[in-house]
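Participant: Sequence:
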Amino acid sequence: MVELKTPREIAAMDVTGTFLAELLDDLTERARPGVNLLDLEARARELIAERGAESCYWDYAPSFGRGPFRNVICLSVNDAVLHGLPHDYVLAEGDLLSMDIAVSIDGWVADCARSIIVGTPRPEDQRLIEATERALSAGIAAALPGNRLGDISAAIGAVAADYGYRVNTDFGGHGLGRTMHEDPHVPNVGRPGRGLELRPGLTLALEPWFAAGTDKIVYDPDGWTLRSADGSRTAHSEHTIAITDGPPLVLTSRELVAAAR
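Residue numbers for the sequence shown follow this note's numbering, beginning at 61 and rising by one.
Derived by calculation from the structure, the hints in this document are not laboratory data. Don't be surprised by glycine CBs; every beta carbon is placed ideally from N, CA and C. Treat the hints with care, since some could be wrong.
What the hints assert, rightly or not - Label-pair distances were calculated between CB atoms; the ranges are:
(1) Asp230 with Pro281: 14 to 22 Å
(2) Gly112 with Arg90: 15 to 23 Å
(3) Gly283 with Pro244: 21 to 29 Å
(4) Glu106 with Ala71: 20 to 28 Å
(5) Ala152 with Arg259: 43 to 51 Å
(6) Asp280 with Thr229: 19 to 27 Å
(7) Pro281 with Arg259: 37 to 45 Å
(8) Asp290 with Asp166: 40 to 48 Å
Let's have the full structure, built from the sequences with the hints guiding it.
Facilitator: Below, the structure is given as structure tokens:
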């Protein structure tokens, strides 16, 4: 069931989104060569505890995965793109790191992901991250009242096609608010004019993710971490947005919120 949120409820989600934007800013500054992924996990736990927030990942046990997820953030490196299980790995020069996190504050959830390059970037990695960020911006721009869910999906998929990346349809965006995953599912490719009508109060997590060489994925033995099937590098960008009577509100980015308003 799709639940439309009131302006007051969206404002509460915006508080959570602001916190996530600040948390990812903090981790971005810390993610340098020589830093262990477990140090980033520990810092995320510290910030969540200080804020009195609640992790949406801790004890998360969906149909996929091996046992409950016992971390507060997904950290995926290079060819890993989704659900990366934080582990004893020291970041190296040029690593491509994707960070994905969702928390709840006072019962309201926001979800956000960011890909960064540790140390000196490779141009092909910059291009891959740029593609996910542009696809995310295109999806947000299509999130207007009266449009359809397929307009968002088509906008994301068109950017992927422009960059020459294929789109995996197993995992995409989703509704959220009271919980991390609500209806509807938001594919990263689709047909314009199709699907659910976008109405004010609809809150969505849009999350384009691409691999450089394939749309196929494989699981690590940990049962969680998803990697590109061909070993090519990957990137993932995500924001929580709210449909309004006008431009969408981007709840997990201060810059984009200001632009939308």
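Participant: Taking the hints in turn, state whether each one holds.
Facilitator: To see whether the hints hold, each was checked on the structure:
1. Asp230 with Pro281: 14 to 22 Å: Given about 19 Å between the Cβ atoms, the range holds.
2. Gly112 with Arg90: 15 to 23 Å: At 22 Å between Cβs, range holds.
3. Gly283 with Pro244: 21 to 29 Å: holds, 27 Å
4. Glu106 with Ala71: 20 to 28 Å: holds, 26 Å
5. Ala152 with Arg259: 43 to 51 Å: At roughly 46 Å between Cβ atoms, arginine 259 and alanine 152 fall inside 43 to 51 Å, so the hint holds.
6. Asp280 with Thr229: 19 to 27 Å: holds, 21 Å
7. Pro281 with Arg259: 37 to 45 Å: holds, 43 Å
8. Asp290 with Asp166: 40 to 48 Å: holds, 43 Å
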